[in-house]
Structure formats: C-alpha cells, structure tokens
Amino acid sequence: MKHLLTTTELELSEINEILSEAQRFSAGMVWKPGKQTFVANLFFEASTRTKSSFEVAERKLGLEVIPFEVGASSVSKGETLYDTVRTLEAIGVNTVVIRHQEERYFDQLCSRTGLAIINGGDGCGHHPTQSLLDLLTIQQEFVHFIGLKVAIIGDLRHSRVARSNANVLSRLGAEVVFSGPEEWFDNSLLEAGRYENIDSAIKTADVVMLLRIQHERHAEKGVQSPESYHSAYGLTEERERRMKRGSIIMHPAPVNRNVEIADSLVECERSRIFKQMENGVFVRMAVLKRSIESLMGGIPNVNDYQKRQFAF
Amino acid sequence: MKHLLTTTELELSEINEILSEAQRFSAGMVWKPGKQTFVANLFFEASTRTKSSFEVAERKLGLEVIPFEVGASSVSKGETLYDTVRTLEAIGVNTVVIRHQEERYFDQLCSRTGLAIINGGDGCGHHPTQSLLDLLTIQQEFVHFIGLKVAIIGDLRHSRVARSNANVLSRLGAEVVFSGPEEWFDNSLLEAGRYENIDSAIKTADVVMLLRIQHERHAEKGVQSPESYHSAYGLTEERERRMKRGSIIMHPAPVNRNVEIADSLVECERSRIFKQMENGVFVRMAVLKRSIESLMGGIPNVNDYQKRQFAF
Amino acid sequence: MKHLLTTTELELSEINEILSEAQRFSAGMVWKPGKQTFVANLFFEASTRTKSSFEVAERKLGLEVIPFEVGASSVSKGETLYDTVRTLEAIGVNTVVIRHQEERYFDQLCSRTGLAIINGGDGCGHHPTQSLLDLLTIQQEFVHFIGLKVAIIGDLRHSRVARSNANVLSRLGAEVVFSGPEEWFDNSLLEAGRYENIDSAIKTADVVMLLRIQHERHAEKGVQSPESYHSAYGLTEERERRMKRGSIIMHPAPVNRNVEIADSLVECERSRIFKQMENGVFVRMAVLKRSIESLMGGIPNVNDYQKRQFAF
Chain X
1 MKHLLTTTEL ELSEINEILS EAQRFSAGMV WKPGKQTFVA NLFFEASTRT
51 KSSFEVAERK LGLEVIPFEV GASSVSKGET LYDTVRTLEA IGVNTVVIRH
101 QEERYFDQLC SRTGLAIING GDGCGHHPTQ SLLDLLTIQQ EFVHFIGLKV
151 AIIGDLRHSR VARSNANVLS RLGAEVVFSG PEEWFDNSLL EAGRYENIDS
201 AIKTADVVML LRIQHERHAE KGVQSPESYH SAYGLTEERE RRMKRGSIIM
251 HPAPVNRNVE IADSLVECER SRIFKQMENG VFVRMAVLKR SIESLMGGIP
301 NVNDYQKRQF AF
Chain A
1 MKHLLTTTEL ELSEINEILS EAQRFSAGMV WKPGKQTFVA NLFFEASTRT
51 KSSFEVAERK LGLEVIPFEV GASSVSKGET LYDTVRTLEA IGVNTVVIRH
101 QEERYFDQLC SRTGLAIING GDGCGHHPTQ SLLDLLTIQQ EFVHFIGLKV
151 AIIGDLRHSR VARSNANVLS RLGAEVVFSG PEEWFDNSLL EAGRYENIDS
201 AIKTADVVML LRIQHERHAE KGVQSPESYH SAYGLTEERE RRMKRGSIIM
251 HPAPVNRNVE IADSLVECER SRIFKQMENG VFVRMAVLKR SIESLMGGIP
301 NVNDYQKRQF AF
Chain E
1 MKHLLTTTEL ELSEINEILS EAQRFSAGMV WKPGKQTFVA NLFFEASTRT
51 KSSFEVAERK LGLEVIPFEV GASSVSKGET LYDTVRTLEA IGVNTVVIRH
101 QEERYFDQLC SRTGLAIING GDGCGHHPTQ SLLDLLTIQQ EFVHFIGLKV
151 AIIGDLRHSR VARSNANVLS RLGAEVVFSG PEEWFDNSLL EAGRYENIDS
201 AIKTADVVML LRIQHERHAE KGVQSPESYH SAYGLTEERE RRMKRGSIIM
251 HPAPVNRNVE IADSLVECER SRIFKQMENG VFVRMAVLKR SIESLMGGIP
301 NVNDYQKRQF AF
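Chains as they are written, first to last, in the UniProt record's numbering: chain X, 1 to 312; chain A, 1 to 312; chain E, 1 to 312.
It should be emphasised that the hints constitute simulated quantities derived from the structure, not laboratory data.
Nothing here was measured: the structure is a model prediction, and the numbers come from that model.
Just to be clear, a hint being listed does not mean it is correct.
To be verified - Here are some, though not all, of the chain A residues that point toward chain E, as calculated from beta-carbon distances under 10 angstroms: (1) A27; (2) G28; (3) F38.
Said to hold, decoys possible - DMTMM-like, lysine to aspartate or glutamate: derived pairs with alpha carbons at most 25 angstroms apart: (4) K35/X x E21/A; (5) K32/X x E79/E; (6) K2/E x E278/X; (7) K2/E x E267/X; (8) K35/A x E9/A; (9) K275/A x E79/X; (10) K35/A x D206/E; (11) K275/E x E89/A; (12) K275/E x E69/A; (13) K35/X x E17/A; (14) K275/X x E69/E; (15) K203/E x E238/E; (16) K32/E x E89/A; (17) K275/X x D83/E; (18) K275/X x E17/E.
Where is the CB? At the ideal position from N, CA and C, for every residue including glycine.
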C-alpha cells in the first residue's frame, strides 16, 4: 500500500514493520531512492513542527522537496484539492504529504491519483505519523505494549491523536484510560478505554500522555482559566512525584507550559517530549520509504546500514 | 540570447531549437550545468502551478533554488525591481524567473543586469513558457504546424496566452481562429486570426484551445452566470461529440470545471490538459539550459542522453 | 565559540580570523562539513536580502536548509522562542540563523540549547554579519584599519549597524566620526567617535558609510521631506565630487535613491554597495563554517582551496 492515511486502517503487521524501519533509521540506517524523487508538502493548516519534521526526513532520504505555499496557490482561485494534487502529479511529484482541515479529505484522492498520499493530519480525524512516533517512543522505553497502562489526559474532544492512539494502543495489547475534564469524555471513546480520575490514573500509568489544550476554543466558553485547569487536570510537580517508578511523560507539543504540564517538568527526567520530536523524523523517514518503495515496485536501492550519517 | 522575454520576439529557429531540446528532455536527456548554479523565482503575482513547474525543472537540472518571498522582501519597503534583481545578482544568483503585474517589466532590467531573465508572465502581456509548452504539446500530436487549425476560445481580452500563442502559431503556419463571446474579441487580434462562431470552430479545429475565464472580473459586470457561459461558449459534452476525429482539447489550467469545459471532459481521451503540465517542465528545462549555456559561453557540460533519470 | 551573537563581544583575533576565512572563500576556497548538516533561518522580521544571502552561503557550503515560515509556525499559537528552537534541535537542526525584534533575544537561548545560534539581527541591537561584511569590504580596499577615517552618516538612532560598526572599527584602530542630523546623535555614541559636520566629514573620510533612513518613522514626525533630507545630509553629486581621492562609499541597502544617496551614485566608481552584498555571502560562509566546526569539535573536513567552484 503506497498511501498512509490512518493508523486505524493499518494492520498490526504494517504498524510493526513501520516501527522496525523507523528504529533502524534511528540506529543510523541510510536509505535513498536511487533516482531523483520529488515530494511536496501541502499544509492547508499551519504546522511548522510537523512540516519541518517531514522536511528533515525528506532531506535525509535525499528527496527533492518542492515548496508549495497554499496561500499563493490556485486553491485561492477556487481550484479543488483533486486538481491541485493531479497538477503536482503531472509535473513529476511522486509523493505528497497533506494536512487539510477536512476530515477524510483523502477519500476523494486515493483511487484517482497515481502518487502516494501521506496524511499529515485531517481535521479532527487522524494524524497517523504522530501516532506512530508516540508508539515508537513507547516501544523504545518498554519494548512491548502488552500489559502497559497508558493514560491519555486532557482535551479529548479536539484531539486528532487521542482517538487513533487509543485504538492502536489497545489493538497492540495496552490498557488505555482517559482522563481530564469528565465533560470532555464521550462514549465513542469507550471502545478503546474507560474514563479514570486523574489522580488515580497518574499514579498507576506507565505512560502519561498529555494532550494539548486548545486555548482559543475554551476561552470562548469561559470554562476555566489556565491556572485552574493546571491544578485540576495538569501534570503538576506534586502529581509527578506520585507517578509510578519508571513511568514516562509524553505530549505532542507545542506545550502550554503551566497548563497541561508544569514548566519545570517539560524537560525532566521522565519527559520524552523532545524524544518524541526526534522520533518523528525517523517515523516519517520510514513512512516515506514505504510509499516510495511501493511506487517503485521493489527496485533495489542504495542501502547502507553500517554508515552512520549525520550524527554530530 | 540569455533572456527569454516573449515568444513574439523569438525567431522561428529559436523556437524550434527550444522545442527540440524540450523534446529531448521529455525523452530522458540529462543535463547539468557542471558547476553550482543559483536561480531565484520572483513571483509578484501568485501562481503555484507555474512556480512549482519551474521548481521541478530547476531541480532536475541540479540548480540551487534560492527561495524568494515577495511579501517578506524589501519590495515592501519600496525597493525597485531593478535593485531587487541587482541584489540577487550580487549575492551570486545567475538566473531569475520573474512574474510581475507590470507589462514589459523586463525592459528596465535586461540591459542593466548581468543575469539571465526568464519571463514567467508579465501583466496581460506575455507568458512565453506557457506558449512554448502549448506548442510542444501540439507538435507531439501532429508533428507539423502547417495546415493545422487552432481554435482559441474564451476570455480573449484578459488572456496573456491568447495573443502570443496566436502570433507564434500563425508564424509557424497554422490557421488560428478566435471564438467565445464576440464582445471579447478585438481588432488587434485580427492580424493573427479571424473570429469564428464556436460551433463551427469546434467542429473543424484540430486543436480546441480553451482559455480560463477570470470569474472575478466578469462577476462585477454581471454579464453571465457560469452556467450560461458554459452552455453558450463552453466545451459541453455535446460539443465534444461533434469535434473532428483526432482533434485535441487544451487548457492552460487551473480549469473552472463546468464553465470552460464540462467536468467529465477534463480527463477525457482528447484532453491534453495534464499532458500540457507535464510538458511545462520539459520546456522550462530547455529554456533554463539555454540561458545558463549562454551565460557560461558554451563551456561543455555533463550531457547524457542515454540514461533515463527519474522515470517511475 | 559556536555562536555568533554580537561583534562587540568578539575578540579582535576572532574578527580577524573570520575576515581571513571570508577572504579565502572570496578567493574560491571550497569547504563542506563532510556530513549532512541541517540549518534553519528563523526570520521574525522580514528581510529577504539578509535571508537570501544566508541561503546562498548555506548552499555553497552544501548545507540542507529547512524552510521555516514564522507566520505559519506554532509561534502564532503562543509558543516561546526557546521551545521553537529546541524543537528544531530535536528534529536534527544543527545551526539556526535568527532575526528577531527583541534585543538580545539570544540570552535566553545560548546556554540552554545545543545548537549554534547565528544572530541575523536583534531589534535595534546588533547585526554582526552586516558589520563583518562592512569590515571585509574596507579591508579589501585599504588592507589595514589603523589610521583610516570612517564617517557614519544618517539615521544613527534607528541603526543596528552604526553602533556595533563604530565600536569594532575603533577597536581595530580606525577613527570614527558620526554625521547627519545632529538631533539624531546621542551621547552614548561618544565612546566610539565624535560628531562632525557632514561637509567636512565627507571631504576627509576614507570611507563614507551611509545609513538607511527609515522613512516611515520620520514621516510621522513630519521632520523633513526626502528632498530636504537629501540636500542637507545626503550624498549628492556635488558632495561626491568633494570626496577624498581613493575614498569609497558604502550603504547597507536597500537604498532610498535620492535620499541617502543620489541615484546616479549608487553604482558609481567609488560605490562599494553591491560589493558589500557580494562580500556578505563570503562572511556568512565563514561564520557558518566557524559554528559548524565548533559543533563538530574539529573533525577534518573536505577542504579544497585550489578548485574554484561557481564562478561564471
């Protein structure tokens, strides 16, 4: 399969294959397509973090990245996403990474275009490379998923990541619990895990996975101040002291310091927040390699496991 | 001549040389300048399509593309185009591709700068690489221009392409007719071709070349709705059925589906719309090579006809 | 020292080392890091000129430049500069060039991040690569600084460059005088040089260094029109005729033609304005090499003095 659309639709064997490949990249594997290969990153929603991470991954694979500025594009003249993607295909782009506000925007594209589509986030739907980098980070720490307890805490309703992470983690054998404001929990999450009070969740979880609060959306409801959120549902220094031995903290970033997590904990020993970003590059390399190999139909490529490239 | 300004000012022999070179690139020719060569794309009017096409062409030639964002530039501090271009020259840029709203903006630049200027579109004036890719597409189909009938249909007044295409096509021996709303025809076009009713034009032309309607400009006059334009002057499914055997459909894109052309025809067998985009890359490679060779004064370069690079 | 923050904090020996290295690059030296190295240019204030110059320098060193658009970044979601920079570090960026409106923005970063920071301008504070390129241009002309008279003329209050140039020039043994509207002179400049009337300054200086007038800030005070500024404090043709034999004209650009300098003088024989831009690339190459070598801890690199690369 050349596309990467959602983790929900990936077989466990595919997920494991991507994670192994990403781990090999993290260990220094070098892989290049063997011929000039063009990729474009179409970000209809802003996200330097994800875009830059893809960009580094693409350069490490020796790909040619064609800049695409949505604002300056014919999209502003009313061009459809399909026509934009077909245009890129016509000029020789092989793979596109797309972030778009419309959920499942890719359904209109997959069967009608020859290039590979990598979903960089669709509306409130999925964000598969974020899920995969979370999985890689957990795997590096605990080796196996079976028996692990993962607490996903915070803005469950607006999070792309919560749902797909929960789904995949439970398929991989982990126990998932959700926490944070109870009114943000909804029954559709029940198939992946139950709701648990934050203090008991934090005390017993191997992985405390915090979600980013979308200030802007909550401000308008006047529900609560950052300070009151932090003391009620944030990872305070006090709560961190009650975390299980060997457990880790994760957050997709950007972090609202002193809201989801105390400023002093962002880079504490338990925190894997910057490790997640680092892993993001390796996961994206794995995903891009998978797409390009699928497009090329298995042609042998430059592959050099020994040589560590780019390690200051 | 290192610049590419308008097709009108190109000799027929130069046009043929560019088309031959583009055809060689389309057949897999590889050419690189042999030393690090810098190019910048200055797009003062938005156009991802043309810009991305140049970008791919530039990368295929191994050029270094220096990003230039007009919005963030000193142009907003009132710097002249000349000073901007001279700055780029001073820092080592050899070739600039410029799209600018001012007609013949290049007249102030050509004789006063040492770098090569490739016109990516000047106001309502010219768009030579678009003309050349149209010519390449026609040549691939029919080999010769002599005796061909080309119908240019639609927004004749606002089209950069109509005028220069008509001029070159008639110089190359083709018969050009114009069609679409009669009030958009003007006598200055008469030297290149006559006006013809759309139904007779479509029935007899070898090439039906549709022009993009500029919605925004026509809306204000309240002339007609997209639907009424489509039925009066668009390529409907019915009109397509009456097209001559072996004739083709062209459009510079982006297409207004169901305005200039029925949605179902955009990718029909006769349509060369995506082929045009594909050819755009080869034409731009040819034009860039021509400029760079001229700058280098005929130094021999890496040239490898056999090896097909980048062909998934 | 891997960072480049201000010239004021550089030892004279460091300045001389950078200038020598830049001079070697200008003479054709080729240097590459030997492994894939990532750099990002974070420009929170617009400046195509400086950004493009860094970009060319980076490409000449074979670096991978990761695009970073401030507008589209998480900075707009309230992310701190520290978190942005740490993110780039986590994804593998080794060196960042930053321009930021906040004076000494780098103080919060230097000790807490592992990557190298190159200051591309901080508020009204410093702009060290501009100072260094000015120094290189003067050195190329006069070999030594001792005994030279440099007149810095114009918008002394708003200029990043005036202060740091004056400081370094006087440390290097040059005599610095300031000129232009006397009310723009302030006593903090006295440690680097005295105020001198424009006509006497221009007649006796070896280097006439004009500063850019910030139209926008002066218009609001209604102080004077461009014309009256030009005749009172600009380099008019008449004043140029009274300049000392062998003396040169410098300006950081973009130039306001017929304000700071007569249109006809911008490219006159004495003018080094475009030479400064050219030197900017070499200085930035030297500064980047210095940072990267410091990060790599002195690993031997590709170094090839003989071969002139990229010289049309």
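Hints versus structure:
no. : hint            : verdict
1   : A27             : violated, 29 angstroms
2   : G28             : violated, 27 angstroms
3   : F38             : holds, 6 angstroms
4   : K35/X x E21/A   : holds, 22 angstroms
5   : K32/X x E79/E   : violated, 34 angstroms
6   : K2/E x E278/X   : holds, 22 angstroms
7   : K2/E x E267/X   : holds, 23 angstroms
8   : K35/A x E9/A    : violated, 30 angstroms
9   : K275/A x E79/X  : holds, 18 angstroms
10  : K35/A x D206/E  : violated, 38 angstroms
11  : K275/E x E89/A  : holds, 11 angstroms
12  : K275/E x E69/A  : holds, 23 angstroms
13  : K35/X x E17/A   : violated, 28 angstroms
14  : K275/X x E69/E  : holds, 23 angstroms
15  : K203/E x E238/E : holds, 11 angstroms
16  : K32/E x E89/A   : holds, 23 angstroms
17  : K275/X x D83/E  : holds, 14 angstroms
18  : K275/X x E17/E  : violated, 37 angstroms
The structure fails to meet hints 1, 2, 5, 8, 10, 13 and 18 from the earlier list, while all remaining hints are met.
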